[in-house]
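Number of protein chains: 2
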Amino acid sequence: MALEFWFEFASTYSYPAALRIEALARSEGVPIVWKPFLLGPVFRAQGWSDSPFNLFPAKGRYMWRDLERICAELSIPFRRPSQFPRNGLLAARIACWFATAPWVPEFVRSVYRANFSEDLDISNISVLERCLESLSQPGAALIQQAQSPESKEKLRAQTEAAVALGIFGAPTLVVGPELFWGNDRLEVAMSWYKSHQQAGAVKQLT
Amino acid sequence: MALEFWFEFASTYSYPAALRIEALARSEGVPIVWKPFLLGPVFRAQGWSDSPFNLFPAKGRYMWRDLERICAELSIPFRRPSQFPRNGLLAARIACWFATAPWVPEFVRSVYRANFSEDLDISNISVLERCLESLSQPGAALIQQAQSPESKEKLRAQTEAAVALGIFGAPTLVVGPELFWGNDRLEVAMSWYKSHQQAGAVKQLT
Numbered sequence: 020m021a022l023e024f025w026f027e028f029a030s031t032y033s034y035p036a037a038l039r040i041e042a043l044a045r046s047e048g049v050p051i052v053w054k055p056f057l058l059g060p061v062f063r064a065q066g067w068s069d070s071p072f073n074l075f076p077a078k079g080r081y082m083w084r085d086l087e088r089i090c091a092e093l094s095i096p097f098r099r100p101s102q103f104p105r106n107g108l109l110a111a112r113i114a115c116w117f118a119t120a121p122w123v124p125e126f127v128r129s130v131y132r133a134n135f136s137e138d139l140d141i142s143n144i145s146v147l148e149r150c151l152e153s154l155s156q157p158g159a160a161l162i163q164q165a166q167s168p169e170s171k172e173k174l175r176a177q178t179e180a181a182v183a184l185g186i187f188g189a190p191t192l193v194v195g196p197e198l199f200w201g202n203d204r205l206e207v208a209m210s211w212y213k214s215h216q217q218a219g220a221v222k223q224l225t
Numbered sequence: 020m021a022l023e024f025w026f027e028f029a030s031t032y033s034y035p036a037a038l039r040i041e042a043l044a045r046s047e048g049v050p051i052v053w054k055p056f057l058l059g060p061v062f063r064a065q066g067w068s069d070s071p072f073n074l075f076p077a078k079g080r081y082m083w084r085d086l087e088r089i090c091a092e093l094s095i096p097f098r099r100p101s102q103f104p105r106n107g108l109l110a111a112r113i114a115c116w117f118a119t120a121p122w123v124p125e126f127v128r129s130v131y132r133a134n135f136s137e138d139l140d141i142s143n144i145s146v147l148e149r150c151l152e153s154l155s156q157p158g159a160a161l162i163q164q165a166q167s168p169e170s171k172e173k174l175r176a177q178t179e180a181a182v183a184l185g186i187f188g189a190p191t192l193v194v195g196p197e198l199f200w201g202n203d204r205l206e207v208a209m210s211w212y213k214s215h216q217q218a219g220a221v222k223q224l225t
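Chain order of the listed sequences is C and W.
Take the first sequence: its letter number 124 is residue 143 in our numbering, and every next letter is one higher.
Take the second sequence: its letter number 134 is residue 153 in our numbering, and every next letter is one higher.
Among the hints, a few may not be true.
Because identical chains share one entry, a pair is satisfied inside a single copy or across any pair of copies.
As the list claims (entries may be wrong) - Below, a list of computed lysine to any residue pairs in the SDA-like style, where the Cα atoms sit at most 25 Å apart:
id, residue 1, residue 2
1, K78, A64
2, K78, R175
3, K213, P50
4, K213, S142
5, K213, R45
6, K173, L184
7, K213, F62
8, K78, Q65
9, K213, R132
10, K171, P60
11, K78, W211
12, K78, P196
13, K78, P104
14, K173, V123
15, K213, D203
16, K213, L86
17, K78, V52
18, K78, D203
19, K78, A176
20, K78, H215
21, K173, L154
22, K213, E41
23, K213, A91
24, K171, N143
25, K78, G48
Please keep in mind that the hints were generated in silico from the structure rather than gathered at the bench.
One chain only, chain C, in its complex shape (with noise of 0.2 Å):
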């Protein structure tokens, strides 16, 4: 088993959990699975129609500061979008169609520093062609192949799966039963997988 780490491409606390988690757990020595997945059905099953941060102002003001103050800590860099929330759901879509492709957690991290840093409109197909091409990977073709049916059906199961697993928001760390839920609770997620995981079960993946 190995922590899952479901995030959103216009998740704001998501940016700076994306950005880290992969040095963290190396360091841990957990085995991390990255899935995507879409908040807006989640959000609208709660009755909302935006993001919570623009239907509660105090809140969606505190979170811009948070997140300023956050991303200052750890050095990354942050301009506050033009846009919020953008659409990932392109971004989504090929980030799990091609979960397993070595390419895909640096894909992750150029789509969130697009939107999180260089105020880059995310839902655009040339943004993320060139996400993909800074990559050396092929754009175009890949793009397409992330709008087949079959790729769409795969994000919309997994969108449907986060919800059967107990997620309401993102980014939420998942041992097992356990959720923990936002990028100050990484730390406590991958201590709660190294001190919960039978040594064989762990074993399996590294």
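Fit chain W to the known structure of chain C by using the hints.
Chain W in isolation, oriented as in the chain C frame:
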């Protein structure tokens, strides 16, 4: 300037924060001010007639499990209250009216323990009398004073001050213009206090 600890007696994550903040602040050399307020008006302003943990069941399920894990990690006794949220109005009036009395921090902790470890109804006058009397305070007399019009007004004004500060949940740590929301941000708030206060401003309080 001190670090302000804004809390609500019904708030679940305020429980571990209230129990551990004084010892942490002392070891860090940070002066704290206890700031009880009411979440009810704050939530109503966001269109919620109940705790978000009741309104959004997935979030509520997560919170109860998370709180259980946090308390276990901190060796804080925890029993899920049979009623949630409990009405902390009278307890908040007591803590607000007598804010600077030396018995207030221990009173706050005893009310939180009553709610989240002993499953007692903290809106019940006799429960609060017992909390006060266990600290060798005249329970009935203090409760009577806490129900004066001036006391009611003090808590009302303090709750309005919370909203004016941008507070939208509890616990919230306030350091000058900066907010830190949540039990898991206590350490960050303390660090912020220590690295951003002028030596002179801190010295006045020590």
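Quiz item: When no copy is specified for K78 and D203, does a C-alpha distance of 25 Å or less occur within a copy, between copies, both, or neither?
Solution: both (17 Å within a copy, 17 Å between copies)
Given identical chains, is K78 near A64, meaning Cα to Cα at most 25 Å, within a copy, between copies, both, or neither? both (20 Å within a copy, 12 Å between copies)
Q. From the Cα coordinates, with 25 Å as the cut-off, is the pair K213 and R45 best called within, between, both, or neither?
A. within (12 Å within a copy, 32 Å between copies)
When no copy is named, should K78 and G48 be tagged within, between, both, or neither for a Cα gap of at most 25 Å?
Intra 35 Å, inter 30 Å, cutoff 25 Å: neither.
field: Intra/inter-copy verdict for K213 and L86 if alpha-carbon distance must be at most 25 Å
entry: between (28 Å within a copy, 20 Å between copies)
- Query: At most 25 Å between C-alpha atoms: does K78 with H215 qualify within a copy, between copies, both, or neither?
  - Reply: Between. Shortest inter-copy distance 23 Å satisfies the 25 Å Cα cut-off; intra-copy 34 Å does not.
*Could you place K213 and P50 in one of the four classes (within, between, both, neither) given a Cα distance threshold of 25 Å?*
Within one copy, since 10 Å is at most 25 Å while 36 Å is not.
inquiry  = At most 25 Å between CA atoms: does that hold for K171 and P60 within a copy, between copies, both, or neither?
reply    = So K171 and P60 pass the 25 Å test inside one copy only (14 Å; across, 43 Å).
Alpha-carbon proximity context of K78 and P104, limit 25 Å:
Classified as both: same-chain Cα gap 15 Å, cross-chain 21 Å, threshold 25 Å.
Query raised in the report: Quick one: K213 to A91, C-alpha cut-off 25 Å, is that within a copy, between copies, both, or neither?
Result: Answer is between: at 17 Å across copies they meet the 25 Å cutoff, but 29 Å inside does not.
Intra/inter-copy verdict for K78 and A176 if alpha-carbon distance must be at most 25 Å: between (30 Å within a copy, 21 Å between copies)
Have a look at K213 and E41 and pick one of within, between, both or neither, based on CA distance no larger than 25 Å.
-> within (16 Å within a copy, 31 Å between copies)
Hints 4, 7, 9 and 25 from the list above are not met by this structure, while the remaining hints are.
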